[in-house]
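Trainee: Sequence:
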Amino acid sequence: MESKPRDFIFETKYWEIYLNPDQYYLGRCVVATKRDVGEMSLLTDEEWLDFADLVRKIESGFKKAFGATMFNWTCLMNNAYQKENPHPRVHWHLRPRYKNTAEFAGIKFEDKEFGHHYARSTESPVSEEIFNKIIKAIRNAVLNYLETR
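Okay, so the sequence shown: first residue is 1 according to our numbering, each after it adds one.
The hints are simulated quantities; they were obtained by calculation from the structure and are not laboratory data. All of these numbers come straight from a predicted model, not from anything done at the bench.
Below, in silico cross-link-like pairs of lysine-lysine (BS3-like), each with a Cα-Cα straight-line distance of 27 Å or less:
#	residue 1	residue 2
1	63	13
2	4	34
3	13	133
4	13	64
5	34	63
6	136	13
7	112	133
8	136	108
9	99	136
10	133	63
11	133	108
12	4	57
13	136	63
14	112	136
15	57	136
16	133	34
17	136	4
18	34	83
19	112	99
Simulated restraints, written as ranges between beta carbons of each label pair:
#	residue 1	residue 2	range
20	5	79	14 to 20 Å
21	114	5	29 to 35 Å
22	40	64	24 to 30 Å
23	5	87	14 to 20 Å
24	75	46	16 to 22 Å
25	129	73	26 to 32 Å
26	64	115	21 to 27 Å
27	121	8	23 to 29 Å
C-beta: ideal position from N, C-alpha, C; glycine also.
Please put together the full structure from these sequences, using the hints given.
Mentor: Encoded structure:
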């Protein structure tokens, strides 16, 4: 069985979800296609349907686990084109947004830009212990969502 990277949270049939090291926005993560596809227009209907279900799972789970108010989803793919031979892969950056300060594992996460564009230049790594606790909380929240459907 293949070992998953330390930032792996969970997967669906077509997507993988990873926790971003920058936790300025509690639960910030990346949702990436499992297959190598470089344009949104090339996603299959099945991939889109799976993504829609994934969005429901994540947003519901983040509201329950962390008290997220709303979500910023971005699909930019600009960094791939900074290389001589770009090889983009469809992926989404998810930034949960918080009207109120979120507290998790004794740490306060304050969304100072709530109601405005997310901060582009943030660098808020957490300890390995907290990183793993966030992953576990997300997994549990998604599992709870599935059990209540």
